[in-house]
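A.B. asks: So the chains spell out like this:
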Amino acid sequence: MWLSNSSIGRKVVMSVTGIALVLFLTFHMSMNLVALFSEDAYNMVCEFLGANWYALVATVALAALFVIHIIYAFWLTMMNRNARGSERYAVTQKPKNVEWASQNMLVLGIIVILGLILHFANFWYKMQFAEIIGDHFLGEYGPTNGAAYIASTFSQPVYVIVYLIWLIALWFHLTHGFWSALQTLGWSNKIWFERWKLIGNVYSTLVVLGFAVVVVIYFFKSLCC
Amino acid sequence: MDKNISFTLKVWRQNGPKEKGHFDTFQMKDIPGDTSFLEMLDILNEQLIEEGKEPIVFDHDCREGICGMCSLYINGHPHGPATGATTCQIYMRRFNDGDTITVEPWRSAGFPVIKDLMVDRSAYDKIMQAGGYVSVRTGAPQDANAILIPKQNADEAMDAASCIGCGACVAACKNGSAMLFVSAKVSQLALLPQGRPEAARRAKAMLAKMDELGFGNCTNTRACEAECPKNISISNIARLNREFIKAKLKD
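Heads up: the protein sequence lines correspond to chains A and B, in order.
FYI, in my numbering the residues of the first sequence are 10 to 234.
FYI, in my numbering the residues of the second sequence are -12 to 238.
Source of the hints: derived by calculation from the structure; they are not laboratory data.
Treat the hints with care, as some may be off.
[Claimed, not checked] Examples of chain B residues lying across from chain A (beta carbon under 7 Å, computed):
(1) N62
(2) T89
(3) L179
(4) K235
[As the list claims (entries may be wrong)] Derived DSS-like pairs: lysine-lysine, alpha-carbon spacing no greater than 27 Å straight-line:
(5) B:K196 with B:K233
(6) B:K196 with B:K5
(7) B:K40 with A:K206
(8) B:K7 with B:K102
(9) B:K40 with B:K5
(10) B:K161 with A:K199
(11) B:K102 with B:K113
(12) B:K237 with B:K191
(13) B:K40 with B:K16
(14) B:K(-3) with B:K40
(15) A:K199 with A:K105
(16) A:K105 with B:K16
(17) A:K199 with B:K233
(18) A:K105 with B:K(-3)
(19) A:K103 with B:K161
(20) B:K191 with A:K199
(21) A:K199 with B:K40
(22) B:K138 with A:K199
(23) B:K233 with B:K113
(24) A:K206 with A:K105
(25) A:K103 with B:K233
(26) B:K5 with B:K113
(27) A:K206 with B:K233
(28) B:K113 with B:K196
(29) B:K7 with B:K161
(30) B:K138 with B:K102
Note that this is a predicted model, so its numbers are computed, not measured.
Even for Gly, the Cβ is constructed at its ideal location relative to N, Cα and C.
Using the sequences and the hints given, assemble the complete structure.
C.D. replies: Here it is as structure tokens:
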């Protein structure tokens, strides 16, 4: 199968799963923004997703995307380290045009996974998971009261800082991942390379800002109320 | 006349592919600035021979920047600190008095060290033999104007064809990937009508050979195009990806 036994095939798997995950992030970010306008509307979204069959199917598909993306990441990194040879250079210098993120995608990815685990403990476990097992009070509030969980999590400065660090790592990961995915799919040339890079930077900034603004606003809300 | 400089030279010495290597340090005195980097190594080798020591082994041939034979990883850059130039085109005036200059061979699993600074780059020949050509079909010669080629394609094919196969892309790549080389060699033919009939087969065969020989997977860091002495663009890699994916989807 060319998606596993050729180098371009393996990269195609990385880029297709990566693009799908970017689309998921976009959806998740838009959903979060609802909480800024109306907490009731946000809780309706939570109820709508919950443990309904379509939400579960989507969750399983999403988990599969994550797992494939992560397994391929480790596999590719291992192969690439072997290809580098046993001896390392004594002196290395990064050329000017090489982005820092592009050489540290695995590290950034690992930070994103660690953040994800925390995020699961803070929200997913108390919401969707609580509904799946039918124990509605795993958390302090009901499983569909997402707004209350947001408010309580981000009233704690520790979580605010950790989530912001997580988002910064995600931003670096996305800025390289976006154009890199399209380059791997072959949809690039001298002109489109510059365009994709710009589009990717703007897009990742908007997505990450969308997430960050919810964290920050809820933190300030908790300070003054 | 440039002024003369004195500097410390750290050179990688290794007796064979499986031997353990180490750095040897030499003090170079009063080297004229208009000595080329390879001439400087010649001067050092003359001294070593006179002292009855073994000279440093390094690759070189035309010394005009066109053959792709010289290599050397100098102070963290393949082909040294200059951009768009091979090692033989580097002159000592680029360095300062009192500098320490570190010289290493290309380091990659695909290019094992033969001795000292010389590596075995025959993997590139094997990739070329896998399909980097147009099969000869003899017949009546075509009229020169029978096959029209847009200027833009001709230019891009020519740019891709300027790859000299020196291996700096692999040396610069943190993944030891040969994608820039393979993509240039696929592109120079894929862009021209004469190369189209075999384009799909060529992309598949050359990439399969590259993977088989132990080169890494491209992660688009762009270190290759920054260090390439011929400024080959990674847009060629996008083209190779396109050609390869199209060929696989058709199968």
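A.B. asks: Does each hint hold? Answer for all of them.
C.D. replies: Cross-check of the supplied hints:
Interface hint at N62 (chain B): satisfied, since its Cβ lies 6 Å from the closest Cβ of chain A, which is below the 7 Å cut-off. Satisfaction of the interface hint for T89 (chain B) is found here, the shortest Cβ-Cβ separation to chain A being roughly 5 Å, below the 7 Å cut-off. Hint status for L179 (chain B) relative to chain A: violated, with the closest Cβ pair at about 17 Å, above 7 Å. At a threshold of 7 Å, the smallest CB-CB gap from K235 (chain B) to chain A is about 5 Å, leaving the interface hint in force.
At roughly 18 Å between alpha-carbon atoms, K196 (chain B) and K233 (chain B) fall within 27 Å of each other, so this suggested pair holds. Distance restraint check for K196 (chain B) and K5 (chain B): the Cα-Cα separation of roughly 24 Å lies within the 27 Å cut-off, and the hinted pair is therefore satisfied. Of the pairs offered as hints, the one joining K40 (chain B) and K206 (chain A) is violated, with about 53 Å between alpha carbons and a cut-off of 27 Å exceeded. Distance check on the hinted pair: K7 (chain B) and K102 (chain B) sit about 11 Å apart at the alpha-carbon level, within 27 Å; holds.
Annotation: proposed proximity of K40 (chain B) to K5 (chain B) holds, straight-line Cα distance about 22 Å (limit 27 Å). With a CA separation close to 23 Å, the supplied pair K161 (chain B) and K199 (chain A) stays within the 27 Å bound. Using a Cα cut-off of 27 Å, the hinted pair K102 (chain B) and K113 (chain B) holds, with the two alpha carbons roughly 21 Å apart. A threshold of 27 Å between alpha carbons decides the hint, and for K237 (chain B) with K191 (chain B) the separation of about 12 Å falls inside it, so the pair holds.
Of the supplied pair hints, the one linking K40 (chain B) and K16 (chain B) holds, its CA atoms being roughly 18 Å apart against a limit of 27 Å. For the proposed pair K(-3) (chain B) and K40 (chain B), the alpha carbon gap of about 16 Å is at most 27 Å, so the pair holds. Between the alpha carbons of K199 (chain A) and K105 (chain A) the distance comes to roughly 18 Å, so the proposed pair stays at or under 27 Å and holds. A distance of roughly 32 Å separates the Cα atoms of K105 (chain A) and K16 (chain B); the hinted pair therefore is violated under the 27 Å criterion.
Between K199 (chain A) and K233 (chain B) the CA atoms are separated by roughly 20 Å; this keeps the pair inside 27 Å, and the hint holds. About 25 Å separates the Cα atoms of K105 (chain A) and K(-3) (chain B), which keeps this hinted pair within 27 Å; it holds. About 10 Å separates the Cα atoms of K103 (chain A) and K161 (chain B), which keeps this hinted pair within 27 Å; it holds. Of the pairs offered as hints, the one joining K191 (chain B) and K199 (chain A) holds, with about 23 Å between alpha carbons and a cut-off of 27 Å not exceeded.
Our distance criterion of 27 Å between C-alpha atoms is broken by K199 (chain A) and K40 (chain B), whose separation comes to about 50 Å. As the CA atoms of K138 (chain B) and K199 (chain A) are separated by approximately 16 Å, the hinted pair is consistent with the 27 Å bound. Annotation: proposed proximity of K233 (chain B) to K113 (chain B) holds, straight-line Cα distance about 24 Å (limit 27 Å). Restraint check: the Cα-Cα separation between K206 (chain A) and K105 (chain A) comes to about 16 Å, which is no more than 27 Å; the hinted pair holds.
Of the pairs offered as hints, the one joining K103 (chain A) and K233 (chain B) is violated, with about 33 Å between alpha carbons and a cut-off of 27 Å exceeded. A hinted pair counts as satisfied when its Cα atoms are at most 27 Å apart, and K5 (chain B) with K113 (chain B) qualifies at roughly 22 Å. Note on K206 (chain A) and K233 (chain B): the hinted pairing holds, with a Cα-Cα distance of about 24 Å set against a maximum of 27 Å. At roughly 7 Å between alpha-carbon atoms, K113 (chain B) and K196 (chain B) fall within 27 Å of each other, so this suggested pair holds.
For the suggested pair K7 (chain B) and K161 (chain B), the alpha carbons sit about 22 Å apart, so the restraint of at most 27 Å is met. Our distance criterion of 27 Å between C-alpha atoms is broken by K138 (chain B) and K102 (chain B), whose separation comes to about 45 Å.
Checked against the numbered hints given earlier, this structure breaks hints 3, 7, 16, 21, 25, 30; the rest are met.
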